[in-house]
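2 protein chains.
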Amino acid sequence: MNLRVPGPTPLPPEVLQAEAKPMINHRSKDFAQIQNRVVARLKESFQTANDLLLLTGSGTGAMEAAVVNTLSPGDRVLAVSIGNFGDRFADIAATFGAEVVRLTFGPGEHADPDAVRTALAQDPTLTAVLVTHNETSTGVTNPLEDIAGVVREFDKLLIVDGISSVGSIEIKTDAWGLDVVVSGSQKGWMAPPGLSMITMSERAWAAYRQAQMPRFYWDVGKAKKSLERGETPWTPAVSVVYALDAGLELLSQEGFANVYARHARLAAMTRQGIKDLGLKLVAQEERYASNTVTAVWAPEGIEERAIRSTLRQEFDIELAGGQGELTGKIFRIGHLGYVSEADLQAVLDALRVVLPRVGFSGAGAAGARG
Amino acid sequence: MNLRVPGPTPLPPEVLQAEAKPMINHRSKDFAQIQNRVVARLKESFQTANDLLLLTGSGTGAMEAAVVNTLSPGDRVLAVSIGNFGDRFADIAATFGAEVVRLTFGPGEHADPDAVRTALAQDPTLTAVLVTHNETSTGVTNPLEDIAGVVREFDKLLIVDGISSVGSIEIKTDAWGLDVVVSGSQKGWMAPPGLSMITMSERAWAAYRQAQMPRFYWDVGKAKKSLERGETPWTPAVSVVYALDAGLELLSQEGFANVYARHARLAAMTRQGIKDLGLKLVAQEERYASNTVTAVWAPEGIEERAIRSTLRQEFDIELAGGQGELTGKIFRIGHLGYVSEADLQAVLDALRVVLPRVGFSGAGAAGARG
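Respectively, the protein sequence lines represent chains A and B.
Okay, so the first sequence: first residue is 94 according to our numbering, each after it adds one.
Okay, so the second sequence: first residue is 94 according to our numbering, each after it adds one.
Be aware that a few hints might be false.
[Claimed, not checked] Pulled a few chain A residues facing chain B out of the computed Cβ check, cut under 8 angstroms: (1) P115; (2) M116; (3) A208; (4) W327; (5) S332.
Since the hints were derived computationally from the structure, they do not count as laboratory data.
Just so you know, these numbers come straight off a predicted model, no measurement behind them.
Just so it is clear, CB atoms sit at the ideal spot from N, CA and C, and this is done for glycine as well.
One chain only, chain A, in its complex shape (with noise of 0.2 angstroms):
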């Protein structure tokens, strides 16, 4: 199957051989070295040099860990969102007793720096700041840098969903300033989902020694205590550590540089094709598209539903929907990871044939051009 949605990803061979090693004893000293490693490498295309902690749970779990370790009850918190997974941080810091003033953006518009200078000079008792970077439900990528540069401007704390960017699009955590930052093992590292990593800087740590929100299992502190003995507080998902370790082994001998670039150019190639069969993407700026997923309206009266399905069954290619209000209305090609130019022209070449079949008779599609 061409597995074409924003995570889970294909696994690379060398990846799926490595999550069927046996089991070993997760406190032992085997153990140690492989996540000793794993983390070295994970900072590394972090870049950073704060403590990154590896987590067993969704990147979801790696939310609320960054939410809980941080904050406290009452808290006033910037929740900036441009989309589904932005809501969803928004909600987490409200379910655990955060203030939440939320400062949100339409689908496919990414947030506005300026926007956020606003918020937090007219609200000096905000204390942090929530931001996506890469929002995988509309395929938009937020301008980090200088929203990091705003929040620094303000001296918040910054806490960034990383999830689907990280390890695919570049990200300077230190640089940036970026107090915590998230992401999981499913998206860009080429290994499966259960695992996710959190960043904590100094602010980040000060800030956890104040917060007040209930933490036991997402308890950051416990993990880094672990860590200083290779290990992990409760029993890691082992399997998906190797796979891990397996999938930053490729992405080393790749280089981080060159990933990128590889995602920036096949997302660009991934665009150029849906512009070329008269299709229109959710980003509403270019230069804010997501390199790791494009995310496309449905023509106007076709069912996206039937493109997908038409997809599946005869081309075996899976593409993800639309999620929240853009449930229906969208469809989301993922290209992350583990992705080549032949696995996109595939989906480029299907939509060609299919688009025409379901009824869309735009530009670029096999009945109007043939």
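Fit chain B to the given chain A structure using the hints.
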């Protein structure tokens, strides 16, 4: 390696192969089919018609889920503890604001149902009871049916940590009236760590609707709603689901009654072997000794780490040490999941050689017998 820790357990070839299957979309009919099959088989082994939800996380995450989905801050909870994991359950409840009344038994003791009755009779403000079925840290299995009977007399909510029991030691969730039961994939299920499961009775759902502890990632209401579509609310550990599916297939082929009998037989063999070596079980009464893990006191004056490191280096056998206050005082032999007589005979034979070398000349060690 003869991995004889109480999880992670060795994995059968069929399970290792299942882990290496290609990724699929977790929001697809293919995934739904697998998850539905896994849930159906798990319900059979939990002997329950209650809802059973798969969670991506360690067993400790499922313990946290059990607490935050059913309790409110200020709730008075009886935490019955016979060791490290019972203490952990109490700590989780306290962290999230429950008023925890601890009923604690010493190392190697089982929880006395009469003591539970006395505690519940003395304090009618208690609303729930937390109890460990099988205490992995001491190798003791509580008389859960009797304890449950007492809790039912008082009509309290009964929340059970069955992490290292269910699937290996019979548990009758519905017949015994267990409201919430949790387990973890890396125990008897012949699967790697990364997934946990939780069952919810009608009484547990009633508690859920009143419970005020903050919950987001672990929200079983969200999980139930997703499961109705064959999905999970957050990206699940897909490869671990594959593995759990394969492990359950093997357990089903063997038949759960046979699986329980095998665990009972291997545990009895292990205990007899340990006693023949002149060593002492941590379990104070053998009828409460665990069928999944045997905890053994290190002989007087002998460093338990020396025993384990020699077994590891010279015999490729990995045992577990003690936890909490038992660190350095005991070692533990896991015998759950994919395990046979030969695996345990190898441990006993190696101990017979190693014990005299580390200075123990008790009955049954090679020096004493030779």
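Given A/P115 as an interface hint, is the shortest Cβ-Cβ distance to chain B below 8 angstroms?
-> holds, 7 angstroms
Does A/M116 pass the interface check with chain B, least Cβ-Cβ distance below 8 angstroms?
-> Holds. Min distance 4 angstroms.
Would the hint on A/A208 stand, with a C-beta cut-off of 8 angstroms toward chain B?
-> violated, 26 angstroms
Return the status of the interface hint for A/S332: holds when the least beta-carbon distance to chain B is below 8 angstroms, violated otherwise.
-> holds, 4 angstroms
Double-check A/W327 for me: the hint is only fine if its C-beta lies closer than 8 angstroms to a C-beta in chain B.
-> Holds, because the Cβ-Cβ distance from A/W327 to chain B comes to roughly 4 angstroms (cut-off 8 angstroms).
Checked against the numbered hints above, the structure breaks only hint 3 and satisfies the rest.
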